[in-house]
Amino acid sequence: MTHRTLLIAFPKGRLGDELVPKLAGTPLALDAEALKSRVLRIPTATPGVAALLLKGADLPRYVAAGVAQLGIVGSDTLDEMDMDLLELADLGFGACRLSLCAQEGVTLEALRAKPHLRLATKFPKATESWLSREGLTAELVPLSSSAELAPLLGLADAIVDLVQTGGTLKAHGLVETFVLGRSSARLVAARGAYLSEPARIRPLADLLLGALKARA
Amino acid sequence: MPVRTPHFPDLLFGPAARLRKWEGALIGLFEAHGYRELHPSLVLRESLPDGALRFFDGDELVALRWDFTVALAGLLARGFPTPPARVAYAGAVFRRPVQPWEAVERFEVGCERIQPEGESSAEADLELARLLMAIPGVLGLKSAILHLGHAALVRRPLEAEGLFGDLADAVVAALSRRAPHRVKEALDGHPSAGRLTAHAEALLSELDGPTTLDALQASPYAELLRDERDHMDRALKALLPILPPNLELRVDLADVAGLGFYTGPTLRLWAPGAQQELAAGGRYDRLFPGLGRPWQAAGFCVRLSRLLDLAETRPDLFEQAQ
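Residue numbers (the numbering used here), protein chains in the order written: chain A, 1 to 216; chain B, 1001 to 1322.
Misleading hints may appear alongside valid ones.
Computed list of lysine-lysine pairs in BS3-like fashion (alpha-carbon distance at most 25 angstroms, straight line) [claimed, not checked]:
1. A:Lys213 x B:Lys1237
2. A:Lys114 x A:Lys55
3. A:Lys12 x A:Lys125
4. A:Lys125 x B:Lys1184
5. A:Lys125 x A:Lys114
Over the 12 angstroms line for every Cβ pair with chain A, so calculated as not near, a few chain B residues [unchecked claim]:
6. Ala1179
7. His1190
8. Glu1223
Covered stretches of chain A (chain B as the covering partner; in silico rule of three or more C-beta atoms under 8 angstroms from a C-beta of chain B) [stated by the list, open to error]:
9. 14-24
10. 78-88
11. 190-197
These are calculated hints, taken from the structure and not from any lab test. All C-beta atoms, glycine included, are put in the ideal place defined by N, C-alpha and C.
The following block holds chain A by itself, in its conformation from the complex (with noise of 0.2 angstroms):
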């Protein structure tokens, strides 16, 4: 890989799995044989363009810092991360609602009105900026996964998390009692790259964005 390699960072998981079928037969194309392998860096079907397959929460960090120019990632990722780099576009496919959760028949008013509320989450800053608008205060159990057990088995009243569909929850007995906000993909771009070689990086953004809206 040299200098003149654009690189495109795609998340693993829910995004990505909505995003590789809508690449397949545009320009950007993933590389059908190495996506089955475990290599991590794909090639696409245009020369001199690669892809990262990368986990949500680390793809800012490696668009921030350049290494790659582009990359696309959830809204709520960017949110919390708040790193340095741009977000060219909403690309509205994975759309899902950043949710306050808890078990059917708690309400809102009930978690207001405890004396000390445990909110677990994967997203603290969303959740404490939540807390600040509403004058609330609340013991936040950091968690990377699977958060819907938390109130289930007693680490927390109630959970913030991405909802989709709301079959994750209602497997659980949880339901939402509160929006905070909504979250959908983003194309994110390197400030550097961008700005330093728009002559390169802005082709190459316009593709991806043509690939996208030609599979919508």
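Position chain B against the provided structure of chain A, taking the given hints into account.
Only chain B this time, still in chain A's reference frame:
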């Protein structure tokens, strides 16, 4: 290009020699244009911000110099009844990093042009732009890009709409991300949402040469910003004919970095492929009046620490092996 710098970097033989050479060459360039060097103390005693490296000197809380412009402004406001027209500086500043790859100790060289209030500042702005245009050649950069911006392109519409505080900050943060959709989100329900979103789209539609200024015509604030547009147009007409080879001039209408400080034209120097700007500056006419002096000022700072990093990680961007 990943940039990883220890927070308190030691400079070994190569970078130390490069730092000495570049400092000397840049101060020489400034002196040749009438700028005289001042060296404010490394220890500052007033208005110490959170990001400064603070410590106790006996019972007194002091800080290492965190910013040359602020340090120089204090020195000039205290010690000079009339401002020296041109000053230069070189040395280190110490600030806690915002980004993980930034060093705490940063080497800078810069210059400032100071005038009594009321004098025309257009020629001073051009003088600084011409000086900055000479810097890639002095540093041996193979090519560079100079971005021209103007702080008022964002500030004046915000003020005209009566937007201040958190909401204005949210709009500026969205523009810094170059995300007009975030401007729309931030202003959801506000009466100015449609106008400011259209303005953001106009500012962000182009990042190119002189024709970029035409994008302002699509803004609902085109008339409000006529003076700023004319100022930028005149600057481009003056600078383009004298553009050195391998330097590209671009207009960046959405430059909002340092918007709380800058009041007029802004300048930023990039090298193609560099992850961070290598020099930055602009007009900051509110600094000296805030210190009780009716002076206006503009200047720029060359970020030598970033250049030292670049020479290590991207030597191909320089004329000679650095």
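Is it correct that the beta-carbon of His1190 of chain B has no partner in chain A closer than or equal to 12 angstroms?
For His1190 of chain B, whose nearest Cβ neighbour in chain A is about 17 angstroms away, the distance exceeds 12 angstroms, so it holds.
Would you check whether the claim that Ala1179 of chain B is not at the interface survives, using Cβ distances to chain A and the 12 angstroms cut-off?
violated, 4 angstroms
8 angstroms C-beta test of the stretch 190-197 of chain A against chain B, three or more residues
Satisfied; 8 residues make the cut.
Holds or violated: Lys114 of chain A with Lys55 of chain A, Cα cutoff 25 angstroms?
violated, 35 angstroms
Is the hinted pair Lys125 of chain A and Lys1184 of chain B satisfied, with a Cα-Cα distance of at most 25 angstroms?
Status holds; Cα separation ~22 angstroms.
Verify the proposed pairing of Lys125 of chain A with Lys114 of chain A, using a straight-line Cα cut of 25 angstroms.
Holds, at roughly 21 angstroms.
Distance restraint between Lys213 of chain A and Lys1237 of chain B, which requires alpha-carbon spacing of 25 angstroms or less:
The hint is violated at about 40 angstroms.
Would the hint linking Lys12 of chain A and Lys125 of chain A be met if the CA-CA limit is 25 angstroms?
holds, 22 angstroms
Closest CB-CB distance from Glu1223 of chain B to chain A, is it above 12 angstroms?
At roughly 29 angstroms from the nearest Cβ of chain A, Glu1223 of chain B sits farther out than 12 angstroms, so the non-interface label holds.
Taking a Cβ-Cβ distance under 8 angstroms as contact, does the stretch 78-88 of chain A have three or more residues in contact with chain B?
holds (count 5)
Please count how many residues of the stretch 14-24 of chain A have a CB within 8 angstroms of a CB from chain B and say whether that reaches 3.
As far as the stretch 14-24 of chain A goes, the hint is violated, because 0 residues have Cβ atoms under 8 angstroms from chain B.
Of the numbered hints stated above, those contradicted by the structure are hints 1, 2, 6, 9, listed in ascending order.
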